[in-house]
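> Put chain B on the given structure of chain A with help from the hints.
So the sequence lines, in the order shown, correspond to chains A and B.
For the first sequence, position 141 matches number 141 in my numbering, and the numbering has no gaps at all.
For the second sequence, position 213 matches number 671 in my numbering, and the numbering has no gaps at all.
Treat the hints as calculated values from the structure; they're not laboratory data.
Ideal Cβ placement from N, Cα and C applies to all residues, glycine included.
Take the hints with a grain of salt, since some may be wrong.
Claimed, not checked - DSSO-like mimics (lysine-lysine), calculated; alpha carbons at most 27 Å apart, straight line: (1) A:LYS414 <-> B:LYS624; (2) B:LYS570 <-> B:LYS624; (3) B:LYS570 <-> A:LYS414; (4) B:LYS830 <-> B:LYS764; (5) B:LYS911 <-> B:LYS830; (6) B:LYS567 <-> A:LYS414.
Unchecked claim - Derived list of chain A stretches under chain B, where covered just means 3 residues or more per stretch with a C-beta under 8 Å from a C-beta of chain B: (7) 357-371; (8) 383-389; (9) 396-403; (10) 406-417; (11) 445-455.
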Amino acid sequence: MSEVFFGMLPEHLLLLGIVLLLTLEIASEKPRGGLPLSLVVVGAAAVAATWLYAAGYSAVPFPGHYSVTATGMLAKAVVLALGIPVLLLARDDFPEGPFYPLLLSSLYGFCLLLSSDSFLTLFLGLEIMSLPVYVLVLLAFGRPEGPEAALKYLVLGGTATAMFLMGVSLLYGGSATLALSAFASALGSHDVMATAAIVLVVLAFFLKAAIVPFHAWAPDAYEGASLTVTAYMATIIKAGVLLAALRLFGTTPVSGRMVELLAILPLVSIVWGNLAAMRQHSFRRMIAYSSIAHAGYLFYAFLGAGPGRFQAVVFYLVAYGVTNILAFASIPRGDDATRDRLENLEGLFQRDPYAAVMIGVAMLSLAGIPPFPGFVAKFLIFKNVIAAGYTAYAVLGLVGSYLGIYFYLRVIQKMFMGAAVPGAVRAGPGGLALAASVLCLIPTILLALFPGWVFGRF
Amino acid sequence: MADAGLLNVVLFLPLVAIVLLVAVPPREEGMVRGMSFWVMLAQFALTAWLYARFDGGVGGLQFETRLPWIPGWGVYYQIGLDGYNVLLVLLTAFLGPLVVAGAFTAVTKDVKLFYAMVFLIQFAMMGAFVAQDLFLFYLFWETMMIPMFLIIGIWGGERRLYATYKFVLYTAFGSILMLAAVIYLVYSLQTTTGVTSFAFADLYQAKLPLSAQTLLLIAFGLSFAIKVPIVPLHTWLPDAHVEAPTTGSVILAGVLLKMGTYGFMKLGFPLFPDATQMLIPLIMVLAVVSIVYGACLALVQNDIKKIIAYSSISHLGYVMLGLASLDLLGIQGAVIQMVSHGLTAAGLFLIVGMIYERCHTRELAAYGGLAKLLPVYSLFFMILTLASIGLPTTSGFTGEFLVLLGAFTASWPQYQHGNTLPLVLSVTAVSGVVLGALYMLRLAQHFLFGTAKAPHLPVADLDLREKLILATIVVAVFALGLYPDEPMRKTELAAKQFQQLVTTARLPGSTP
Numbered sequence: 001m002s003e004v005f006f007g008m009l010p011e012h013l014l015l016l017g018i019v020l021l022l023t024l025e026i027a028s029e030k031p032r033g034g035l036p037l038s039l040v041v042v043g044a045a046a047v048a049a050t051w052l053y054a055a056g057y058s059a060v061p062f063p064g065h066y067s068v069t070a071t072g073m074l075a076k077a078v079v080l081a082l083g084i085p086v087l088l089l090a091r092d093d094f095p096e097g098p099f100y101p102l103l104l105s106s107l108y109g110f111c112l113l114l115s116s117d118s119f120l121t122l123f124l125g126l127e128i129m130s131l132p133v134y135v136l137v138l139l140a141f142g143r144p145e146g147p148e149a150a151l152k153y154l155v156l157g158g159t160a161t162a163m164f165l166m167g168v169s170l171l172y173g174g175s176a177t178l179a180l181s182a183f184a185s186a187l188g189s190h191d192v193m194a195t196a197a198i199v200l201v202v203l204a205f206f207l208k209a210a211i212v213p214f215h216a217w218a219p220d221a222y223e224g225a226s227l228t229v230t231a232y233m234a235t236i237i238k239a240g241v242l243l244a245a246l247r248l249f250g251t252t253p254v255s256g257r258m259v260e261l262l263a264i265l266p267l268v269s270i271v272w273g274n275l276a277a278m279r280q281h282s283f284r285r286m287i288a289y290s291s292i293a294h295a296g297y298l299f300y301a302f303l304g305a306g307p308g309r310f311q312a313v314v315f316y317l318v319a320y321g322v323t324n325i326l327a328f329a330s331i332p333r334g335d336d337a338t339r340d341r342l343e344n345l346e347g348l349f350q351r352d353p354y355a356a357v358m359i360g361v362a363m364l365s366l367a368g369i370p371p372f373p374g375f376v377a378k379f380l381i382f383k384n385v386i387a388a389g390y391t392a393y394a395v396l397g398l399v400g401s402y403l404g405i406y407f408y409l410r411v412i413q414k415m416f417m418g419a420a421v422p423g424a425v426r427a428g429p430g431g432l433a434l435a436a437s438v439l440c441l442i443p444t445i446l447l448a449l450f451p452g453w454v455f456g457r458f
Numbered sequence: 459m460a461d462a463g464l465l466n467v468v469l470f471l472p473l474v475a476i477v478l479l480v481a482v483p484p485r486e487e488g489m490v491r492g493m494s495f496w497v498m499l500a501q502f503a504l505t506a507w508l509y510a511r512f513d514g515g516v517g518g519l520q521f522e523t524r525l526p527w528i529p530g531w532g533v534y535y536q537i538g539l540d541g542y543n544v545l546l547v548l549l550t551a552f553l554g555p556l557v558v559a560g561a562f563t564a565v566t567k568d569v570k571l572f573y574a575m576v577f578l579i580q581f582a583m584m585g586a587f588v589a590q591d592l593f594l595f596y597l598f599w600e601t602m603m604i605p606m607f608l609i610i611g612i613w614g615g616e617r618r619l620y621a622t623y624k625f626v627l628y629t630a631f632g633s634i635l636m637l638a639a640v641i642y643l644v645y646s647l648q649t650t651t652g653v654t655s656f657a658f659a660d661l662y663q664a665k666l667p668l669s670a671q672t673l674l675l676i677a678f679g680l681s682f683a684i685k686v687p688i689v690p691l692h693t694w695l696p697d698a699h700v701e702a703p704t705t706g707s708v709i710l711a712g713v714l715l716k717m718g719t720y721g722f723m724k725l726g727f728p729l730f731p732d733a734t735q736m737l738i739p740l741i742m743v744l745a746v747v748s749i750v751y752g753a754c755l756a757l758v759q760n761d762i763k764k765i766i767a768y769s770s771i772s773h774l775g776y777v778m779l780g781l782a783s784l785d786l787l788g789i790q791g792a793v794i795q796m797v798s799h800g801l802t803a804a805g806l807f808l809i810v811g812m813i814y815e816r817c818h819t820r821e822l823a824a825y826g827g828l829a830k831l832l833p834v835y836s837l838f839f840m841i842l843t844l845a846s847i848g849l850p851t852t853s854g855f856t857g858e859f860l861v862l863l864g865a866f867t868a869s870w871p872q873y874q875h876g877n878t879l880p881l882v883l884s885v886t887a888v889s890g891v892v893l894g895a896l897y898m899l900r901l902a903q904h905f906l907f908g909t910a911k912a913p914h915l916p917v918a919d920l921d922l923r924e925k926l927i928l929a930t931i932v933v934a935v936f937a938l939g940l941y942p943d944e945p946m947r948k949t950e951l952a953a954k955q956f957q958q959l960v961t962t963a964r965l966p967g968s969t970p
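With the rest of the complex left out, here is chain A:
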């Protein structure tokens, strides 16, 4: 019994929060306190996960379906901690309302998938994580693009789910087990059914992570959503998809045709994402294309095997997550449409040096320029790819990443070299957004200074 209690303590706390928030919604005419309550709950869950990690807790609450390890707890703690700045950003967009219970549900799903041992729990986790996001996209009421974006996202997300289920059914048909290890063992087999299953599952992940050519939904969905939700989708949801894929692949090396599957489309993603991002005028669309490229780097990491793969993916996700949210948190205040336009950043350094420097740091880190954490993250990935013997793919990927430098620098150019827009809002990020940016800045600096200390834990 204690295993179910302690092992799932972060999840229980989140569930408690969801119930409380929903009760609040029903009980009161004008519900208030959604933000502080969610912050407390997510914070408590993060603390609980950290505590269990520090205690080296491991348990198997539901044998065969759900198990807890210390590393898994650390991952949960990190994800929940990343959720806090997202919540802080939310107040401007969502003063109250269903946003908070939905976000907590999504985080609940994330925690579930991190501990999943069977296709059943993994699927549950993935869906609980994604379903609330369809609604979150729709929640940007004022925006005409909202419904279209949500629908697109929903339909394509559904397709991915269907493909995933189809692949899993084929695997189950071949191996008669729901254990995740069935996927890893199928990786090595030349059986047609196993291969078909793997291809379906991988493509489902490609669709969810927006790998070219399954990427077209991402810019529209990101653009339709509010800034907060875009930040959430670009960082935490992407992390969820990649970590789910990581649970499946484990440390098993890939070989043969699988290498091409995992290298070529991600490579195309890197190149296309970086090229298309150059032409964008909307901040959200630019981040969307940038995230398409980053998904490419992340799947590259799967070419390497062993613990290195895990380190690379996790470090990359953390570095990418904090710097991305840092950028979102530092966008100057204003109405939604203005904030989204890149021209709004013209001359930002004159108006608000802090915000400009923060966005600059985030952009350089995303571009993978040292000494920012994005560089170490990229280094880790390409190091593993070269160590696995795929030097040619590594060089091509690096050249692809070179293409990205231009549009990140263009943001910096606008902020530092542009003339200030007349009549532009003077104020930078407000109180809570400032707190969020500081919360992201601290890990950014720590990751840059002590990268070894961080990935030594995984």
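Positioned in the frame of chain A, the structure of chain B alone reads:
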């Protein structure tokens, strides 16, 4: 031990200065300038102290600090001075206060950000020189790009955006290839020897097949060659120089370009000796092409800054020639030439910047007879011109003479064995000296003599600050020209080590 700590202070002082700058209220521009100057001067004083304490009779690293940084990968925070970098570190620190003082009146927009960026690039350049760990070196190498991007892009001329993107996109392309090569090199070291290390000393032990060495040398070499720049990778340089503010040009010409030649000397050649031996004819051809082509282009420019920019390409060609000669004198000459060019080019860009501040044009045709209008200015201009040409007693002579001597010494035995190419190249390289005199004297003739004319007459002559800046450089130019022996004794062992590393085969199976 205390001195090792001092080197860390020298390295991190610019970062401390940035933190201090943030604290200064933005309106206090005078305070920003004053503080920046004194910090740079302090950095130079400390560096000079270290230089004086540097013992040329001892090989290997001095004032070394080595701390584990990313233990899992074998990455260390390892810095130190050796014969390779000691002069360049001194040059960087020497130019620091001059760069800051030179911008006192020229930069009036975003003064705080400007000096912060100057400190950032100073930090990165210093770090790249003193780093003894490839990972650390790469971090510093890449960090240099961002402040330069901003310096050209914010405070540059009319086509600054074009120039700054060109600079960044060229540089970043080289860096990306170098990154792939760094990873591959370290991984090969790990698989062949079992040692996971980024330390230069360990990487010098790596034994790689010729094919891998060649590819890696090309990847590293492209990155360095873009920085030097070697023809045909030079096209970013004139644009960057012309559009950059004076400070940017001085940093570029004074130190940044030496990053490329230093990279070849410290990493490119010694890491891949067999590939270097094989490619030496190509490297020499490119070096000589750079010397002659750069000089020819300088001859036909009408923009004063462009003349000096192209002359940089020519002068750095000598450095490459000296390194590629693999002759002890040639190598030492290359080192002296690096410092000498750093001084003269920095001086020339500063002095051109001073007239630009007064007259707002760089067109050669707009000026004439400045010797009558601005006698003090013209005196300094003439001295720097002669130093750039390489007149004996100036530093330019020592460097170029030694390089050519080394090139001849190395090519003569080869000529006797029937290989005429090196000798032909050495002879061709001499023409660079003649062409150098031609384009610099053409500049001086149009600029200083003839009918007196200048836009915005009357023009004021140099003030005390400007005189002091130029006088400092002129003193250094003569010091290096008259007493080259002292710095050469500090670099001699490094030159020998370089020669030995590059000439010893290091293929798999060969015994050291």
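> Keeping to a limit of 27 Å between CA atoms, is the pair of LYS570 of chain B and LYS414 of chain A held or broken?
At roughly 19 Å apart (the allowed maximum being 27 Å), LYS414 of chain A and LYS570 of chain B satisfy the hint.
> Hint check: LYS414 of chain A vs LYS624 of chain B, CA-CA at most 27 Å. Holds or violated?
Holds. LYS414 of chain A to LYS624 of chain B sits at ~17 Å (cutoff 27 Å).
> Can you take a look at whether the stretch 445-455 of chain A is actually covered by chain B? Rule is 3+ residues, C-beta closer than 8 Å.
With 3 residues close enough to chain B, the hint holds.
> Take a quick look at whether LYS830 of chain B and LYS764 of chain B sit within 27 Å of each other, Cα to Cα.
This hinted pair holds, its Cα atoms lying about 25 Å apart.
> So if I understand the rule, the pair passes when the alpha-carbon distance is 27 Å or less; does LYS567 of chain B with LYS414 of chain A pass?
holds, 16 Å
> Could you grab the alpha-carbon distance between LYS911 of chain B and LYS830 of chain B and see if it respects the 27 Å cut-off?
holds, 10 Å
> If you look at each residue in the stretch 396-403 of chain A, do at least three have a Cβ nearer than 8 Å to any Cβ of chain B?
holds (count 4)
> Cut-off 8 Å, C-beta pairs, minimum 3 residues; does the coverage of the stretch 383-389 of chain A by chain B stand?
Holds: 3 residues of the stretch 383-389 of chain A have a Cβ under 8 Å from chain B.
> If you count the residues of the stretch 406-417 of chain A with a beta-carbon closer than 8 Å to a beta-carbon of chain B, do you get 3 or more?
holds (count 6)
> Counting residues of the stretch 357-371 of chain A with a beta carbon closer than 8 Å to any beta carbon of chain B, are there 3 or more?
holds (count 4)
> Given the hint that LYS570 of chain B pairs with LYS624 of chain B, test it: the Cα-Cα distance must not exceed 27 Å.
The hint holds at about 25 Å.
The structure shown violates none of the earlier numbered hints.
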